[in-house]
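Let the sequences and hints guide you as you build the complete structure.
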Amino acid sequence: MSAGAKTTPALGPQTIRQHEASQKKGLDHVAHLRDILSFENENSNVIGTLLEELAVPHRRTERWKYSPVGGFWKEHKPVACVTIADSACEAQPVPGLDAYRLVFVNGTFDPSASDLPIAAGVVCMPLSEAVRSGLVQREISSVERSDWFAALNGQFAGEGMYLAVEKAVELDRPVLIHQRQQGAGVPTFLRHVIELGAHAQAQVVNWSSASSDASGSVNTLTEVHVGEQAVFTLDKVQDESGEVHHLAFEAVDQAANSTFKIHTMTIQGAWVRNDLQICLSGQGCDAYLNGIFLPTGKEFVDNHTTVDHREAHCTSSESYKGILYGQSTGVFNGKVFVRPDAQQTNAYQQNANILGSRQATMNAKPELEIYADDVKCSHGCTIGQFDDEALFYARSRGIGEDEAKAMLVHAFIGDVIDGIAIPEVAMEVRHRLSEKHDWDRWDDANLL
Amino acid sequence: MLTINKLKASIGDSEILKGLDLTIRPGEVHAIMGPNGSGKSTLASVLAGREDYAVTGGKADFLGLDLLEMDATARARSGLFLAFQYPVEIPGVSNINFMRAALNGKRAHEGLEPIAGKAFLELVKEKASLVELDGRLRNRSVNEGFSGGEKKRNEIFQMAMLEPKLAVLDETDSGLDIDALRIVANGVNSMRSSERSFLVITHYQRLLDYIIPDFVHVLVDGCIVRTGGKELALELEERGYDWIKETVTS
Chain A
1 MSAGAKTTPA LGPQTIRQHE ASQKKGLDHV AHLRDILSFE NENSNVIGTL
51 LEELAVPHRR TERWKYSPVG GFWKEHKPVA CVTIADSACE AQPVPGLDAY
101 RLVFVNGTFD PSASDLPIAA GVVCMPLSEA VRSGLVQREI SSVERSDWFA
151 ALNGQFAGEG MYLAVEKAVE LDRPVLIHQR QQGAGVPTFL RHVIELGAHA
201 QAQVVNWSSA SSDASGSVNT LTEVHVGEQA VFTLDKVQDE SGEVHHLAFE
251 AVDQAANSTF KIHTMTIQGA WVRNDLQICL SGQGCDAYLN GIFLPTGKEF
301 VDNHTTVDHR EAHCTSSESY KGILYGQSTG VFNGKVFVRP DAQQTNAYQQ
351 NANILGSRQA TMNAKPELEI YADDVKCSHG CTIGQFDDEA LFYARSRGIG
401 EDEAKAMLVH AFIGDVIDGI AIPEVAMEVR HRLSEKHDWD RWDDANLL
Chain B
449 MLTINKLKAS IGDSEILKGL DLTIRPGEVH AIMGPNGSGK STLASVLAGR
499 EDYAVTGGKA DFLGLDLLEM DATARARSGL FLAFQYPVEI PGVSNINFMR
549 AALNGKRAHE GLEPIAGKAF LELVKEKASL VELDGRLRNR SVNEGFSGGE
599 KKRNEIFQMA MLEPKLAVLD ETDSGLDIDA LRIVANGVNS MRSSERSFLV
649 ITHYQRLLDY IIPDFVHVLV DGCIVRTGGK ELALELEERG YDWIKETVTS
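In order, the protein sequence lines correspond to chains A and B.
The numbering of the first sequence is my numbering, which starts it at 1 and goes up by one.
The numbering of the second sequence is my numbering, which starts it at 449 and goes up by one.
Read the hints as simulated data drawn from the structure, not as lab findings.
Do not take every clue at face value.
Unchecked claim - Quick list of in silico lysine to any residue cross-link-like pairs, SDA-like style, CA-CA up to 25 Å: (1) K566(B) - K436(A); (2) K436(A) - N545(B); (3) K613(B) - S641(B).
As the list claims (entries may be wrong) - Far from chain A, some chain B residues (derived; all Cβ distances over 10 Å): (4) N484; (5) L530; (6) S641.
What the hints assert, rightly or not - Ranges of calculated distance between the beta carbons of each label pair, as one might list FRET restraints: (7) G419(A) - E517(B): 55 to 65 Å; (8) E367(A) - L513(B): 33 to 43 Å; (9) D461(B) - A21(A): 28 to 38 Å; (10) D625(B) - E62(A): 54 to 64 Å; (11) A372(A) - R555(B): 43 to 53 Å; (12) Q327(A) - L513(B): 35 to 45 Å; (13) G597(B) - S378(A): 45 to 55 Å.
Beta carbons are placed, not taken as given, at the ideal position from N, Cα and C, and that holds for glycine.
The following block contains the structure:
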């Protein structure tokens with residue numbers, strides 16, 4: 001979590017050349033974006049310096065080893081479509097979900113498609129408005145100081161959601177953020193800022209979709225502060241057609257005895273990286289990080305998570321499950337820090353993967369760094385194939401092979417989907433997965 | 449029901465079944481006995497359509513269908529059932545949903561609509577009582593954490609649910625205590641009818657005290673070398689397999 005990415009360790013000449021070439025590509029990209037985007041951060045000078053000083057990731061950068069970033073350097077275009085009405089897409093992607101809604105199309109807030117909460121003790125509005133009215137000040141977060149792409153977000157993300165829930169206030173409905181990527185070569189930057197006071201409760205669903213002709217890139221940074229004893233859940237659903245490169249950072253800071261739950265459900269996306277940094281800054285926090293990813297074709301899905309146990313008596317529980325089809329590639333990197341003061345830590349991490357094809361690739365790396373002595377930490381990581389014995393057993397009972405596979409997949413990822421707190425979201429995730437993978441014959445919702 | 453002619457099957461480079469002949473008519477119960485490694489379980493696997501085995505010769509006719517041309521799913525849907533020697537655990541799939549998918553697969557094959565929820569539950573209740581499978585086991589994941597006896601009872605429950613025309617029981621008696629053996633045998637006996645046949649593969653005669661066969665075959669080195677009535681099983685129990693091996697080689 002230190003700004004270690006700034007320095008380049010002693011490297012061979014080839015790596016140094018790669019580093020220099022990458023640095024140039026990154027800064028050329030910044031110049032290109034300046035030409036086509038209107039927003040610039042008020043701290044532009046500081047961030048500009050960060051963008052020069054931080055290392056632009058390339059394949060010899062440890063944290064980016066398996067995540068090719070070349071797609072980000074492609075030519076982008078100025079934003080055209082900015083309303084959901086123009087995009088021929090539903091504003092509300094989750095049937096039956098009773099939720100407040102903020103719709104962003106190509107990074108621009110669409111007020112006509114949105115439905116903001118108006119309730120005592122709740123402030124929810126586009127970030128630009130919150131900054132203008134002085135409700136929030138843009139500061140440079142620690143993730144921006146350590147990651148080049150996060151700094152890039154700092155430079156260009158002028159819009160997003162600002163949500164503040166006051167002490168002891170419970171938001172009566174979930175807030176749905178629908179971010180839509182529409183058309184070719186669009187550069188989208190979003191910054192969401194979420195603050196929960198002590199004992200507050202809120203649920204946010206972050207749904208991202210894209211048109212089939214969509215390309216370009218999405219760079220989202222969500223900053224969350226969960227106050228003492230507050231409870232916050234974030235359900236991310238990524239269902240993007242087209243060729244979008246999607247990079248999402250979640251930087252979460254938890255105060256004492258707070259609870260944070262995140263589900264990251266990657267249904268489809270050409271290139272997706274989720275980078276979660278959870279900081280347990282008070283005693284007695286609970287953090288739950290769960291995710292599933294089922295890439296097909298040449299899709300790429302990367303989940304990087306960091307849980308930083310800074311204080312005692314905290315629990316973190318993490319479960320990521322992937323099934324990789326076609327020539328897809330998956331990455332899981334789960335870092336758990338247990339600092340010297342974090343006694344009585346209970347940290348659990350599981351990453352289980354099934355390779356559904358011979359051409360699929362999974363790169364998995366659990367990383368535990370434990371500096372306290374009275375802790376319980378466990379992790380498990382598996383990469384396997386479909387259980388042939390179970391498949392034959394099912395077939396010998398008259399269940400078709402595809403249906404049997406779908407059944408095993410549901411059994412494998414079902415517990416993660418069932419963990420989603422909002423039933424309508426869980427159901428829609430199942431539905432979309434069934435559609436993508438043609439699982440209509442095995443639909444748990446229709447069973448007993 | 450089933451006519452097998454000169455069936456040959458191998459796994460890897462080794463030939464296990466070396467020209468096996470067997471005819472089973474409707475309503476008959478056949479027992480296949482034999483020493484370890486004679487090919488008993490291979491026969492069961494080949495009949496059920498396990499792809500690990502390569503069929504290298506011979507024919508198998510099941511109800512007028514070319515059995516060896518069908519995949520495992522089609523065989524099951526056509527009325528063949530294999531009770532596994534080692535039933536497989538499937539974590540995360542409830543026993544009851546598993547059976548519903550199986551039953552509806554068969555019904556679709558027969559051109560029937562999927563079974564309604566209530567009718568299905570009644571059927572489950574009725575069939576589970578045959579083998580004293582309690583509700584707890586019905587709702588648990590398939591075979592997960594079941595005892596050896598519970599797994600075998602679950603096999604017979606599945607058989608009862610699917611009402612096959614031909615049931616192959618692969619060493620269903622292995623790992624059963626005497627009470628479980630009686631429950632399993634009662635389940636099988638209650639399903640005996642003039643239209644349904646059984647092929648009971650066993651190492652020991654004990655099971656045949658409870659499931660009385662019409663024919664007993666002795667399988668040695670991939671071929672059936674002797675066929676008799678139920679008294680043949682008693683003779684084998686008393687004298688072992690060596691005397692048969694000797695008569696075959698001489």
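To see whether the hints hold, each was checked on the structure:
no.	hint	result
1	K566(B) - K436(A)	violated (31 Å)
2	K436(A) - N545(B)	holds (22 Å)
3	K613(B) - S641(B)	holds (10 Å)
4	N484	holds (21 Å)
5	L530	violated (5 Å)
6	S641	holds (20 Å)
7	G419(A) - E517(B): 55 to 65 Å	violated (45 Å)
8	E367(A) - L513(B): 33 to 43 Å	violated (56 Å)
9	D461(B) - A21(A): 28 to 38 Å	violated (54 Å)
10	D625(B) - E62(A): 54 to 64 Å	holds (58 Å)
11	A372(A) - R555(B): 43 to 53 Å	violated (58 Å)
12	Q327(A) - L513(B): 35 to 45 Å	holds (38 Å)
13	G597(B) - S378(A): 45 to 55 Å	violated (33 Å)
The structure fails hints 1, 5, 7, 8, 9, 11 and 13 (numbered hints given earlier, in ascending order).
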